[in-house]
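**Q** Here are the chains, one letter per residue:
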Amino acid sequence: MAFVRLEQTALAYPTRDGDVLALDNADLAIQAGEFTAVVGPSGCGKSTLMRLVTGLRRPTRGHVIVDGREVVGPLKFVGMAFQNATLLPWRTVLDNLLLPLEIVEPHRSNLRRRRREYVAKAEHLLETVGLARFGRKYPWELSGGMQQRVSLCRALIHEPKLLMLDEPFAALDAFTREELWCVLRDLWQEQRFTVILVTHDLREATFLADSIHVMSARPGRILHRHEIDLPRPRDLEICYDQRFVDIVHTLRQQIKGVRQR
Amino acid sequence: MTRTWWIERLAPWVFTLGLFLVWEVSCHVFDVPRFVLPPPSLVFQEMWYFRSAIWNNSLVTLWTTLAGFFMAVVFGLILGIAVGWSRTIYAALYPVMVGFNAIPKVAVVPILVLWFGIGEVPAILTAFLISFFPIVVNVATGLATMEPEMEDVLRALGAKKMDIMLKVGIPRSLPYFFASLKVAITLAFVGSVVSETVAANRGIGHMLLAAQANFEVPLVFGGLIALAVLGIGMYAIFAVLERRMTGWAFRSGLNNA
Numbered sequence: 007m008a009f010v011r012l013e014q015t016a017l018a019y020p021t022r023d024g025d026v027l028a029l030d031n032a033d034l035a036i037q038a039g040e041f042t043a044v045v046g047p048s049g050c051g052k053s054t055l056m057r058l059v060t061g062l063r064r065p066t067r068g069h070v071i072v073d074g075r076e077v078v079g080p081l082k083f084v085g086m087a088f089q090n091a092t093l094l095p096w097r098t099v100l101d102n103l104l105l106p107l108e109i110v111e112p113h114r115s116n117l118r119r120r121r122r123e124y125v126a127k128a129e130h131l132l133e134t135v136g137l138a139r140f141g142r143k144y145p146w147e148l149s150g151g152m153q154q155r156v157s158l159c160r161a162l163i164h165e166p167k168l169l170m171l172d173e174p175f176a177a178l179d180a181f182t183r184e185e186l187w188c189v190l191r192d193l194w195q196e197q198r199f200t201v202i203l204v205t206h207d208l209r210e211a212t213f214l215a216d217s218i219h220v221m222s223a224r225p226g227r228i229l230h231r232h233e234i235d236l237p238r239p240r241d242l243e244i245c246y247d248q249r250f251v252d253i254v255h256t257l258r259q260q261i262k263g264v265r266q267r
Numbered sequence: 002m003t004r005t006w007w008i009e010r011l012a013p014w015v016f017t018l019g020l021f022l023v024w025e026v027s028c029h030v031f032d033v034p035r036f037v038l039p040p041p042s043l044v045f046q047e048m049w050y051f052r053s054a055i056w057n058n059s060l061v062t063l064w065t066t067l068a069g070f071f072m073a074v075v076f077g078l079i080l081g082i083a084v085g086w087s088r089t090i091y092a093a094l095y096p097v098m099v100g101f102n103a104i105p106k107v108a109v110v111p112i113l114v115l116w117f118g119i120g121e122v123p124a125i126l127t128a129f130l131i132s133f134f135p136i137v138v139n140v141a142t143g144l145a146t147m148e149p150e151m152e153d154v155l156r157a158l159g160a161k162k163m164d165i166m167l168k169v170g171i172p173r174s175l176p177y178f179f180a181s182l183k184v185a186i187t188l189a190f191v192g193s194v195v196s197e198t199v200a201a202n203r204g205i206g207h208m209l210l211a212a213q214a215n216f217e218v219p220l221v222f223g224g225l226i227a228l229a230v231l232g233i234g235m236y237a238i239f240a241v242l243e244r245r246m247t248g249w250a251f252r253s254g255l256n257n258a
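Top line first, the protein sequences correspond to chains A and B.
Counting from 7, one number per residue, gives the positions in the first sequence under the numbering used here.
Counting from 2, one number per residue, gives the positions in the second sequence under the numbering used here.
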């Protein structure tokens, strides 16, 4: 039984010129613990897909099922990270990390009693992403790459079963981006949460994911699903492997085809 | 300390002194009659002579201004949060608020006098009416410019509207709020003095009017200087408070918040 399932899902936005179909007849099945990537031309409704799965928007047609239940309102356990780190500048890095615990139950009720434990957990998480001893700093004292690491940590602090990433590394330089691929890879390898990564970086998708979904131009449909069976754990060197290059090439061709249609 | 530091420190004093100097010299050179523009030396002399009157009336004006201002802070915060909270409340209240703000407050004073009689109440209420608007607008703006992504992050964790407001919206709008206080306190002075010149028996505004009626022109200018000093003092207090409370906003810039 899939952990996340979309069945014939469609979403239309009302605009002044009538309804615009952002997503049409999308079918998707993601297993628990699977790392999936969604790629497609820009404006194909990738972000819409994110909002549907998390319940921030209701579909116009079809079903969204997460963890065996139909999604009717915002889910209450999803970790999210975006292209902007969206950290709160008046909170230290550590306090930014604790923010989800101030909201998600049961942590919310336990926060006062178990604060010390939570702080230790946040500090451990910071250490695993290479930011040990940065807890007392403010976000604006950190570089863009460091902020994005903190944003990842914030998305994971409450050990969510589902992690939604919307182009989280798009604003970073190439070297920092590859570094963060590895950070995410290691975190996932260790905790095995389910990930939906929306990206337009085909190498990023191929390097990180178990499966890749290719979407069509608007209205978005899911056209292909690729299983990426490159061996794990993967090293950055794999990006120069012939099989890796072939996968990226195939994806590239498919998206090119979609854009020209 | 470096030279530039000293120059920057001294610049406002030098400029202000220079201004008074130009005023003094022009009065003598162009032989301006005293009842048109008295030289500052005479104004200060007169201020010293009437020091107890100026002091007492200043205290009255200060009290009415602050009373009106604090009413504006409380009311402005509540209304600003309400307007920033929901688009419906925003849509409902905004036209009325803008219209209300457009009415010159001096035109409202006669009505206040009609209701509350001559004295401090109209001055307090005028100060309140004139200074709450910038607070409302700024607090509402601070809430409205919250990034949608931040809201998504919290909603996907099961946050209620109240959580989002307390954790993000309100702290985020604090710099806007404190910035508006500097504007509001200066406006509150305008309000209370305007009201005092129309209908009061105490306060700087009333003193100005009485001095003018008696042709005590130097005292009129003395009153103006007293008002300026009070205004600068209040502004400085709130500027320091702003820095203290929301230093992070000066360093980070809200845009990449």
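It is worth saying that the hints were derived from the structure and are not from the lab.
Predicted model only: the values in this text are computed from it and were never measured.
A virtual CB, placed ideally from N, CA and C, is assigned to each residue, including glycine.
Possibly wrong hints are sitting among the right ones.
Claimed, not checked - Computed footprint of chain A on chain B; a stretch qualifies when at least three of its residues, placed anywhere within it, have a C-beta under 8 Å from a C-beta of chain A:
id, region
1, 91 to 103
2, 155 to 167
Claimed, not checked - Computed from the model, here is a short list of chain A residues facing chain B with C-beta under 10 Å:
id, residue
3, Met56
4, Gln89
5, Trp96
6, Ile109
7, Glu111
8, Arg118
9, Arg119
10, Tyr144
11, Trp146
12, His164
13, Pro166
14, Lys167
15, Met170
**Q** Now tell me, hint by hint, if it's right for this structure.
**A** Going through the hints against the structure:
For the region 91 to 103 of chain B, the stated coverage by chain A is not satisfied: 0 residues place a CB nearer than 8 Å to a CB of that chain, which falls below the threshold of 3. Three residues within the 8 Å Cβ limit are the bar, and the region 155 to 167 of chain B against chain A gives 7, so the coverage statement holds. Because the smallest distance between the Cβ of Met56/A and any Cβ of chain B comes to about 8 Å, under 10 Å, the interface hint for this residue holds. Proximity of Gln89/A to chain B holds as hinted, the smallest CB-CB distance being about 8 Å (cut-off 10 Å).
The closest approach between the C-beta of Trp96/A and any C-beta of chain B is roughly 5 Å, which is under the 10 Å cut-off, so the hint is satisfied. Because the smallest distance between the Cβ of Ile109/A and any Cβ of chain B comes to about 5 Å, under 10 Å, the interface hint for this residue holds. Contact between Glu111/A and chain B, as hinted, is supported at the beta carbon level, the nearest pair being about 7 Å apart and thus within 10 Å. At a threshold of 10 Å, the smallest CB-CB gap from Arg118/A to chain B is about 16 Å, leaving the interface hint violated.
Annotation: interface hint on Arg119/A violated; nearest CB of chain B at approximately 19 Å, more than 10 Å. Nearest Cβ of chain B to the Cβ of Tyr144/A: about 7 Å, under the 10 Å cut. The hint holds. Below 10 Å, beta-carbon pairs count as interface contacts, and Trp146/A has one with chain B at about 4 Å; its hint therefore holds. With its C-beta approaching chain B no nearer than about 7 Å, His164/A sits inside the 10 Å limit, and its interface hint holds.
Against a cut-off of 10 Å between C-beta atoms, the interface hint on Pro166/A holds, since the closest Cβ of chain B lies about 8 Å away. Given the 10 Å rule on beta carbons, the hint for Lys167/A is violated: about 12 Å separates it from the nearest Cβ of chain B. Taking 10 Å as the C-beta contact cut-off toward chain B, the hint placing Met170/A at the interface holds, the least distance being around 7 Å.
Violation of the numbered hints given earlier is confined to hints 1, 8, 9, 14; the remaining hints are satisfied by the structure.
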